[in-house]
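Build the full structure now, drawing on both the sequences and the hints.
Chains as they are written, first to last, in this note's numbering: chain A, 2 to 229; chain B, 42 to 286; chain C, 51 to 310.
Accuracy of the hints is not assured; some may be wrong.
Claimed, not checked - Keeping only pairs whose Cα atoms sit at most 30 Å apart, straight-line, the calculated DSSO-like set for lysine-lysine is:
#, chain 1, residue 1, chain 2, residue 2
1, C, K101, A, K17
2, B, K261, A, K41
3, C, K302, C, K113
Rather than coming from a laboratory, the hints here were simulated on the basis of the structure.
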Amino acid sequence: MFDMQGYLPFILEGMKLTVAVALLSLVISVVLGMLGALAKLSKSSAAQTVAGVYTTIIRGVPDLVLMLLIFFGGQIAINEIGDRLGWGYIDISPFVAGVCTIGFIFGAYMTESFRGAILAVPKGEIEAGHAFGMTPGQVFSRITLPQMVRHALPSFGNNWLVLVKATALVSVIGLHDMVFNAGQAGGSTRQPFTFFFVVAMLYLVITGVSDVALRWADRRYSVGVRKA
Amino acid sequence: MDFTIIADNIGLYIQGLWTTVQLVVLSLIVGMTLAIPMALLRVAKNPLIWALPSAYIYFFRGTPLLVQMFMIYHGAGQFRDALDSVGLWFIFREAYWCALIAFTLNTAAYTAEIIRGAIEQTPFGEIEAARAYGMSKPILFRRILLPSAFRRALPAYGNEVIFMLHGSAVASVITIVDLLGAGRIINSRYYAPFEAYISAGLFYLGLTFIIVWIFRQWEKRWHAHLRPRDTSAAEVAAPSLTLAR
Amino acid sequence: MKKLMTVFALLAAMTISGTIAGTAMAGEKLRIGVEGAYPPFSWVDPDGTLKGFDIEIAMALCKEMGAQCSLVQQDWDGIIPALLARKYDAIIASMSITEKRKKKVNFTQMYYNSPAKFARRKGSGIEITKEGLKGKTVGVQRATTHDDFITAVFGDEVTIKRYGTQDEAYLDAEAGRLDLLLADSIAMNDGFLSTPAGKDWEFVGPGFNDPKYFGAGAGIAVRKGDAKLLGALNKAIDTILANGVYKRINDKYFDFDIHG
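Here you go:
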């Protein structure tokens with residue numbers, strides 16, 4: 002039953018794409034998460050509303066629906082905008098659509114993680130920073146950010162694991178990730194279970210490695226902190 | 042954008058809505074039934090008892106729902122002869138049952154973890170008091186641990202219900218005409234991705250709001266004892282649904 | 051002498067390219083949208099190259115027009131929206147010319163015509179009548195003329211399962227999830243019935259080609275307003291039909307005249 006009939010390299014090729022999509026989406030989601038958290042914590046009610054609508058939509062609409070909408074509709078939208086602004090034709094490949102969708106979705110989850118983490122930094126330290134005459138930017142980069150990482154790590158790690166699993170959906174829009182390739186290989190060899198099982202194991206490998214990395218990061222960023 | 046095509050085909054969306062609700066509700070109910078014993082096995086001290094549930098939970102939480110569903114749907118085709126010989130093929134023949142099985146197994150794993158986490162957070166005082174009363178283990182579980190755990194698990198379980206609703210959209214990938222399935226048919230029939238998918242999205246949004254509202258009512262009722270008497274501190278103390286799992 | 055030779059060579063090159071580029075599309079870059087999941091008209095070889103009747107017709111037409119063509123693989127569901135979104139300039143994917151599609155795109159003349167047929171499991175004895183089809187499960191590719199036909203004519207009698215690709219329908223048919231398939235007779239024959247996977251299946255019933263549902267044969271779709279490309283493609287189709295290139299490709303895949 003586990004004879005892969007030489008398709009293993011094909012599946013591993015797909016795994017490369019899976020990991021690439023996951024990492025790029027992570028970058029986008031961290032950027033959006035940071036912006037969202039700052040927006041939600043800002044004094045401007047406009048920023049808060051935008052961030053609120055953003056997180057509400059992501060909470061309310063399935064990932065797959067967003068992915069299909071962005072993939073099928075995104076190209077048309079980009080064309081409309083491009084026509085008005087005089088850009089040339091910009092192609093929205095399945096890769097771009099997949100990464101943008103997942104990054105966009107998990108940006109909302111990161112917003113919540115980062116918001117909670119920023120709130121957890123002791124106010125006294127931020128006040129002290131201001132008292133020393135630091136600019137808001139300096140306060141953020143020297144005081145808030147380093148401490149925020151420690152608080153954000155558990156839910157950040159959680160979001161990452163959910164993100165990795167969400168990348169499986171890009172196979173539905175035709176991206177040749179490992180789920181898509183498993184489907185192809187399974188169809189050709191008439192042994193779909195074998196290949197999907199292998200892919201499941203590979204996902205467990207990715208999450209296993211992530212677990213180790215996150216635990217290392219947790220240790221590193223918790224230096225000097227006493228744990229209960 | 043022409044939303045009249047949606048109005049013309051609203052029946053298809055309603056049919057899809059009904060299928061989605063069926064799949065989600067059934068899998069949640071059966072999943073919960075499986076999750077409770079699994080959580081209890083999981084908190085046992087004996088490795089022989091918690092090893093298997095742990096492996097099951099690790100697998101179903103660590104792999105994507107889409108892959109799990111494919112394993113069952115397409116995989117059943119690979120083992121068709123074996124299934125036929127034990128008379129089970131007629132179940133796996135239908136995409137609907139394959140999806141339902143996948144969703145149930147998936148939510149059972151997540152729910153078991155949620156219940157386990159809640160059980161482990163039981164204030165030890167409650168357990169001490171129960172033992173002091175001379176309660177046996179089964180009675181302890183039934184009257185103290187589980188009710189207490191369910192109350193604690195409410196926010197996390199609310200999240201799980203929403204995740205299950207969103208996850209159910211993958212059923213459309215194996216030909217099931219759920220809410221998203223209806224959207225895909227409209228999209229391909231009229232070449233109208235925006236109308237088709239925005240409409241589907243709005244339906245899902247509506248369902249999510251209903252679920253959030255239901256859980257908020259339950260929380261008001263069952264977390265009443267957690268609310269501070271001083272209402273000015275209510276915002277800080279009242280537990281609420283969060284995004285992160 | 052050298053200078054003369056250069057000028058001479060230049061003139062020769064210009065003349066030659068002038069004769070090849072006798073059409074409006076000469077030297078232009080053209081992107082052709084194809085499906086790649088519809089043997090024998092288009093499929094992807096294990097090494098990743100696109101092959102098939104549609105592919106070869108596309109390359110032949112491009113050669114005739116003197117255009118530089120690249121192929122863009124696209125899922126069937128999004129094949130027309132992608133054309134309208136300018137991902138490519140023409141669709142050569144066995145797309146039937148129907149009134150519904152004509153509302154969104156323009157078609158060239160048809161480049162082949164073949165009827166649709168049902169297939170059933172051998173020995174199942176299913177007949178293609180309203181009574182015979184009652185309660186049966188039929189697999190079709192979503193958004194094809196076959197989908198429209200079965201929905202309109204037998205929609206109340208059968209359970210319709212719609213797939214993203216025809217290949218997926220074959221897979222489920224082989225796995226025993228379907229009672230019937232409805233697809234293009236040639237595609238189904240070459241892509242399924244005559245392969246090991248389809249050994250338990252056979253054709254049943256008449257060929258269907260009512261233009262109301264199935265259109266007027268397969269044509270090449272271009273965006274509305276792209277008259278230049280439409281004209282060039284039509285001219286090229288006429289040319290390859292006349293000069294034997296079409297016949298050569300036809301005979302490579304089929305032992306009868308698919309153009310009709």
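Hint check:
{"no.": "1", "hint": "K101(C) to K17(A)", "result": "holds, 26 Å"}
{"no.": "2", "hint": "K261(B) to K41(A)", "result": "holds, 26 Å"}
{"no.": "3", "hint": "K302(C) to K113(C)", "result": "holds, 18 Å"}
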